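Please model the entire structure based on the sequences and the hints provided.
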Amino acid sequence: MNQSSSLMSYPDFSRTVPIDTIGVQERVSRLNSRSIKKESKVQGLKLALSMIDHTTLEGKDSEGKVIQLCRKAITPYAPMPDLPSVAAVCVYPNMVGTAKKTVAGTSVRVASVATAFPSGMAQLQTKLDDVKYAVDEGADEIDMVISRGQFLRGNFTYVFDEIGAVKEACGNAHLKVILETGELETLANVRKASDLAMHAGADFIKTSTGKIQPAATQPVTLVMLEAIRDYYRETGRMVGMKPAGGIRKAKEALQYLVLVKETLGADWLSNEWFRFGASSLTNDLLMQIVKQETGVYQSSVYFSND
Amino acid sequence: MSTSEKNEAVEPNVTNGSPKPTSPNSDLKHDFASFWEYSSAPESSDKVEIKPSYGHFIDGEFVEPVKGRTFSSINPATEEVLTEISEATSEDVDKAVKAARTAYNKRWSTLPAKERGKYIFRIARMIQERSRDLAITESMDGGKPIRESRDVDVPLAAAYFFYYAGWADKLDFAFPGRKAKSIGVCGQIIPWNFPLLMLAWKIAPALATGNTVVLKPAETTSITALKFAEICRDSGLPDGVVNIVTGAGQTGTAIVNHNDIDKIAFTGSTKVGKIIQKSVAGTDKKFTLELGGKGANIVFEDASINQAVEGIINAIFFNQGHVCCAGSRLLVQEGIADELTRKLKERMETLIVGDPLDKNTDIGAINSKAQYERISDYIEIGKAEGADMYQPSNGIPDGGYFCRPTLFTGVSQSNRIVQEEIFGPVLTIQTFRTPSEAIEKANNTPYGLSSGIWTDRGSKIFNIGSHMDSGVVWANTFNKFDPTSPFGGYKESGVGREGGLHGLYPYVNLV
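Here the protein sequences line up with chains S and P, keeping their order.
If you read the first sequence in this note's numbering, its first letter stands for residue 3, the second for the next number, and so on.
If you read the second sequence in this note's numbering, its first letter stands for residue 50, the second for the next number, and so on.
Source of the hints: derived by calculation from the structure; they are not laboratory data.
Remember, predicted model here, so these are calculated numbers, not experimental data.
Do not take every clue at face value.
Below are the EDC-like pairs computed for lysine to aspartate or glutamate, each with C-alpha atoms no more than 20 Å apart in a straight line [stated by the list, open to error]:
| # | chain 1 | residue 1 | chain 2 | residue 2 |
| --- | --- | --- | --- | --- |
| 1 | S | Lys39 | P | Asp95 |
| 2 | P | Lys78 | S | Glu264 |
| 3 | P | Lys78 | S | Glu236 |
| 4 | S | Lys39 | P | Glu86 |
| 5 | P | Lys394 | S | Glu65 |
| 6 | S | Lys40 | P | Glu136 |
Now the structure itself:
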């Protein structure tokens, strides 16, 4: 705790690097031209599966729905019991207790969105209570949202202090900070918000809530990965990355893994440091894995939705 | 929050060249290799037909060389012989020029411009149709990665034909108030770095303006030119409009000195360019020369550094550095020099050097043994000059002509590796303190083909760009080509412009 608190210092924005959007897009399209075939494809698909935060964030969520989600997370595809479980389930705070009970004794962790997700439009104390409730219910990870309104009007210290307060409220739970990049709009803002979140103590930085379009994109993810790389160089502390929302296809997941591999390297290629926030991605990965093993595509009806 | 506080946070740092505080973690390394290696993903060459031998393409058909001399074309990645190429003597060149002259007089210059355009459009479409075959052939014969021949060389070659096809019947609008007349027979000599693309740069404007052509590809990379000859034949282009003769320097000399050629277009080394210029002096031949370069890539401290790193990589390692307009001299403002160099080295660790046909290869094979030896010599010269060399740790294939991407720091303007064109994957890094020092260093070279400027400020781009003695100035990017944009050199980098409207001038007489 001592070490991490000493790292929490307001970032020096005078050293924030400018971002060239066209350059970022070109880098992404060059990385997309990597051809992932044969063994590397199978390995990548299984790796991606193990990195999923299997998510349900609906107003209509019930205990029954969450229990099904957890079971799918533990055993994504029963005919292939050797496949890894996904990394975590991601639910609302009032579902954490149910989720925690269902995944007990497995490697699957429970992540909870908090801080008046998805808008974050609430008083700080309300947000902190939300976080404390989720942690008390047993959440291993907290996915908070930043106050985008404050960020966009230039009140960076507010955002910094808020993240710091949430981090403190998390205790031992890991903190993922959602920047909601679809509302920040520019890559320069994404970079600045990433720097703020990491300096304020984020264990992960995350693109989106999934409730705003566009959600995760590869250019945004690349800028965030580069921010992580520069922060690591500056402080020696590794920070994780979670693109969330809109990633549905296995092919896209592999493209994201290529971004990670060629920006941060092999050390980040595990679910300790990289996650996908997704729900329908799981089944597309499974279909591709089965295709690689059997040589034929299966109909989607062979895969359980929940 | 007050406005002044906000601005303070938004404005980028201006340190006037003084070094920023260095990080305590400068020894931290990213591990790019130990996990999740990409499996090989080679493009299949099974369906690509390369004949065991090729003759010259003269008057619409492939003919044996008069004296029967041939030489082998080698795959530089495997050192295997791909095919036997005919060597043209002055007799062959004479036949080709005669065919071109007859075609010019009887078939091509008299054809309505609209009809000329149709043939060129058809050629462009056939390049697209055969793009896979051409890309694989280009990579096998020249060593360049399939990613580049597939995504750059072949599509751009088609784009140049499409672009100039459009001009064929609009020449009256290109030169308002004047009439453009074709010249006659053009002798064209092209290099080995972009074989098909350089052919397109030469042949497309020549045909569009109503001229006929005798073209010689470089001796190490003749095959795509001969496949282009097949396209000309299959497109129904009138016989003799395009003639392709193969061979080395002597063949080129025969073309340059032929009495019945009206215009010479050459792309290649400055040394040969000077010889050509001497040869055509005192004749009425028109000529354009596109020669060597030693492009300066200038990075200011307010640049988008992560994107600049990528641009520097593209500037020097594109096509193994076999690019006349490569950004082979990196000039970095002192305040960010350490950080940029470190990031560049880190990025170089992820470059994949290997089989040109593998879709994941970033850097392919050096084009020929001779060029490989030349680059190796320069690397030794750099070390002997006292520069610090850096090469990434990634492996290179055992056989074939492969060269690791190479970086030299601690170099001086007076070093040979800074002054002379290496034409390989070798980058030198120098630092500067002020904009005027950057301009002075950038222009302190006999060449003047290309330069690059990296800064977040638009005003700086225009200010510095207007001081660059180079034909191309790229801003926040590098090695971008487009048929609509003229290309050419200052000083010893050449005479004349190719591409765009300007590229029509060398192929017409205005009356």
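Evaluation of the provided hints:
Our distance criterion of 20 Å between C-alpha atoms is met by Lys39/S and Asp95/P, whose separation comes to about 19 Å. Taken as a hint, the Lys78/P and Glu264/S pair is honoured in the structure, with Cα atoms around 13 Å apart against an allowance of 20 Å. Proximity of Lys78/P to Glu236/S is assessed by CA-CA distance (about 12 Å); at most 20 Å being required, the pair is judged to hold. This hinted pair checks out: Lys39/S and Glu86/P have alpha carbons roughly 11 Å apart, not beyond 20 Å.
A hinted pair counts as satisfied when its Cα atoms are at most 20 Å apart, and Lys394/P with Glu65/S does not qualify at roughly 52 Å. As the CA atoms of Lys40/S and Glu136/P are separated by approximately 44 Å, the hinted pair breaks the 20 Å bound.
Consistency with the previously given hints fails for numbers 5 and 6, ordered from lowest to highest.
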